[in-house]
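S.K.: Read off the chains here:
There are 2 protein chains.
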Amino acid sequence: MIIDCHGHYTTEPPQLTSYRKEQLQELEIDSSFKPSAANFKCSDDEICERLEGAQLKLQRERGTDLTIFSPRASGMGHHLGNEQTSIYWTIICNNMIRRVCDLYPTNFVPVCQLPQYPGVSPANCIPELERCVKEMGFIGCNLNPDPSGAMWTDPPITDEWWFPIYEKLVELNVPAMLHVSGSCNPNFHPTGAHYLCADTTVFMQLILSDLFKRFPSLKFIIPHGGGAVPFHWGRYRGIAQDMGCPPLDELLLNNVFFDTCVYHQPGIDLLAKVIPIKNILFASEMVGAVRGIDPESGFNYDDTKRYIDSSQEISDQGKDQIFSENVYLVFPRLKKVMKG
Amino acid sequence: MIIDCHGHYTTEPPQLTSYRKEQLQELEIDSSFKPSAANFKCSDDEICERLEGAQLKLQRERGTDLTIFSPRASGMGHHLGNEQTSIYWTIICNNMIRRVCDLYPTNFVPVCQLPQYPGVSPANCIPELERCVKEMGFIGCNLNPDPSGAMWTDPPITDEWWFPIYEKLVELNVPAMLHVSGSCNPNFHPTGAHYLCADTTVFMQLILSDLFKRFPSLKFIIPHGGGAVPFHWGRYRGIAQDMGCPPLDELLLNNVFFDTCVYHQPGIDLLAKVIPIKNILFASEMVGAVRGIDPESGFNYDDTKRYIDSSQEISDQGKDQIFSENVYLVFPRLKKVMKG
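Residue numbers (this note's numbering), protein chains in the order written: chain P, 1 to 340; chain C, 1 to 340.
These aren't lab readings, by the way, just hints derived from the structure by calculation. The beta-carbon is built from N, C-alpha and C at its ideal position, and this holds for glycine as well. Check the hints yourself; a few may be wrong.
[To be verified] Simulated DEER-style distance windows between Cβ atoms:
1. Glu28/C / Ile293/P: 48 to 58 Å
2. Arg306/P / Gln15/C: 54 to 64 Å
3. Pro164/P / Arg99/C: 34 to 44 Å
4. Arg306/P / Glu28/C: 36 to 46 Å
[Stated by the list, open to error] The calculated lysine-lysine pairs, modelled on DSBU-like cross-linking and capped at a C-alpha distance of 30 Å, are:
5. Lys335/C / Lys273/P
6. Lys335/P / Lys168/P
7. Lys134/P / Lys278/P
8. Lys41/P / Lys339/P
9. Lys34/C / Lys336/C
10. Lys273/C / Lys278/P
11. Lys134/C / Lys273/C
12. Lys273/P / Lys273/C
13. Lys336/C / Lys57/C
14. Lys339/C / Lys319/P
15. Lys273/P / Lys134/C
16. Lys168/C / Lys336/C
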C-alpha cells in the first residue's frame, strides 16, 4: 500500500474558482457585502473527467494507491476577503473534497482546510473542523501558520493564541499539516519561497517552545521535506544544544513529521539520511508546484516515489514505513475510513 | 591557501556594543535626538586579546589561513534607530574591521556593512561603500535584502529600487553577500529562521528576474549554503523550467555563489553534489550562529573545513576551488590586498 499524504485538489472545476472570484470581487466593490453560502452546481461527470486526466492518471502511472486529499493550498487565501468569506469558501472547498472522496473512495481520503483569517482566533475554526471530522469522515486538516499571506502578523504557532485549535485536534485525534497559502508580499514567491520559508520557520518556532509538553499527542506534518531543515540539520541540532534543549529527537520527533515533497534524488537521500525514517511520510503534492519533466531523469520532478524506490539510504523496511506504516500512525483515523 | 569567505566580528569589544546601545536608547527617549559619530576608545591590546582567544585560535586549530571579515551580521540592525544612527553605527563598525585587519593583515581581509535603513534608497549607501573600498581597501560588502528586520517591507532585490547600489558594486568590482540582520518579527528566529528564509527568498527573486542581463558582472554570495535552495534544487530547476526560463546554471550561476556554512557532513555532501563546484566558496561563519561541539563528530558544528576535507563528493581539484580559487574569482580585489 502506497499512500501519498499530501495531495491538493488542483483540478477543481472552474465553477469553484468562479464562485471565489465573484465573492472577493463583490467585497472589493462593497466592503459591507455579506457573502452567501455557495450555490454551486457541478456534475459528477465534470469532477471525474478532470481528475481522470490528472491525479488518477498519475496514481496509476506511478503506482501509488491512495492520496490524502485536501483543497488547493494556494487557493485557501486566508488573507483575502474577510472572516465570513473565509468560512463560506472553506465550507464549499471541503464539501468538494468530500464529493471527490465519495466518487473515488479507494483513491482519496479527505483532509480539510480551515476558515482562518488573520487576527481572528483559531478557535473560530473549531466548528468547521468538527463538521469535517465528525460528520464527514475527514482524517486531518491543513493549518496555516501564517494566515496573513506572508505578512506574518499573527503570533508564532507556539503561542497560546493557537491552543484552542490544538486542544480540538488532540480531542479528535487528527494531525495538522502546517501548510501556508498564497503570498501577498512581493518578496515571497508562493511555492518557491513562502512555502519553504514557512516550513523552516515553524520548525524553529517549535524548537523554542515546550508545546509538546503541553500537547504530548499533538502531531504536525511539515510539508516540502521540512523546507530548509534537513539540509541544515546540524545547524538545528547545534542551535538547540547551545540553548540547553534536549536533543531534537527527544524535543520534537514524537510529534513532528516531514513529508517527501523534495523533487530530486539527492534531496530525498539527504532527508532519509538525517531524519529518522519513523518521521518521514510519503508525499508528492501532485498535481502541484512543479509539473514538468526533469530532463536529467526523464520523469516528472514530482514523481517522488521514484526517488524513494531508488534511494540507497532507505531499507526495504524503511520504504514500507515511509509509504504506509508511518502514515497510519500519524493519521489514526485513516484505517477506519479506508475502503476496498 | 584556505580562505574563509564569511566571518563576522563577533568578539567586538564591549565599548562598541555600549556605543550602539546608548545611541538607540537616546533615540528612544527623544526621537529628535541627533546622534554623534562615535567617540570610541579601545586599545589594540584589547582587540587582540579577544580575537586571540576565538577567531585566531580557531584559524590555527582548524588550519584555515585567511578570513574575509565583516561586522557582526545580527548587529547591523538596519531596522533599529533611524537613517542617521545607521550611518554612524556603520562607520564605526567598518572602522573597527579595518583596525582588526591592520592588526592581523595576514589573517583578515575586510568586508563592510552598509548604512541601510528600511524605506530609504540603497543609493544612500554609496558614500560609505566608496569610502570602504576606495579609501580603506575593503573587498566586498554585506547587503541586507531586508533592512526592515524580517518585516520585508522593502521591494525585492530585483527591483530597480536597488539598482544604484548594483551599479556601484559593478563599477568598484566588488561582490555583495546577501546577508540579513536581526529580526523584529517574533515569528522569525534570527539564525534559525530569518537567515535561512532570506537566503531562500532572494534566490527565488533572482529566478523571477533578468537582473543579470542588466548587470552581467554583478556577483552575489548567498550565505548559509543558500538556505533551502540546494536541498530543493529539483524544485527550483522545475519551477524555472515551468516558467520557461533557461536552465539555472545559465540563468544565475555566472553571478550567484553559495557558501559552505552548512553544519553537518550530509549537508555539505548534498551542496557539492547539486551545486557546481565553481559556485561554492568555503566559509564557516565562525564564531557565529552555532558554537557547540557536535557529539556525533566530536568537533565543532561550524568546523566546516572538516566536512569539505572528508567529502567524497569533491575531488582534490574541487577542494582547491572551494578553499581558494573560487574566492579569488568572486573577490577580484582580494589578491591585491593580501599580505604575507
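S.K.: Next pair to validate is Lys134/C with Lys273/C; report whether the Cα-Cα distance is within 30 Å.
M.R.: violated, 38 Å
S.K.: Mind checking the alpha carbons of Lys41/P and Lys339/P for me, to see if they're no more than 30 Å apart?
M.R.: holds, 27 Å
S.K.: Does the Cβ pair Pro164/P, Arg99/C satisfy 34 to 44 Å?
M.R.: violated, 55 Å
S.K.: Hinted pair, alpha-carbon criterion (30 Å max): Lys134/P, Lys278/P. Please report holds or violated.
M.R.: Distance of about 28 Å is within 30 Å: holds.
S.K.: Decide if the proposed pair is consistent with the structure: Lys273/P and Lys273/C, CA atoms, cutoff 30 Å inclusive.
M.R.: holds, 15 Å
S.K.: Given the hint that Lys273/C pairs with Lys278/P, does the C-alpha gap stay at or below 30 Å?
M.R.: holds, 26 Å
S.K.: Against the 30 Å threshold, does the CA-CA distance of Lys273/P and Lys134/C hold or violate the hint?
M.R.: Roughly 48 Å between the alpha carbons, so the hint for Lys273/P and Lys134/C is violated.
S.K.: Taking the CB of Arg306/P and the CB of Glu28/C, does the distance hold inside 36 to 46 Å?
M.R.: violated, 57 Å
S.K.: With respect to the beta-carbon atoms only, verify the hint that Glu28/C and Ile293/P lie 48 to 58 Å apart.
M.R.: holds, 57 Å
S.K.: Just to be careful, I want the Cα atoms of Lys34/C and Lys336/C compared with a cutoff of 30 Å; is the pair within it?
M.R.: violated, 39 Å
S.K.: Is Lys168/C close enough to Lys336/C, meaning Cα to Cα at most 30 Å?
M.R.: Holds, at about 19 Å.
S.K.: Does Lys336/C pair with Lys57/C here, judged by a C-alpha cut-off of 30 Å?
M.R.: holds, 26 Å
Hint violations for this structure: numbers 3, 4, 5, 9, 11, 14 and 15, all remaining hints satisfied.
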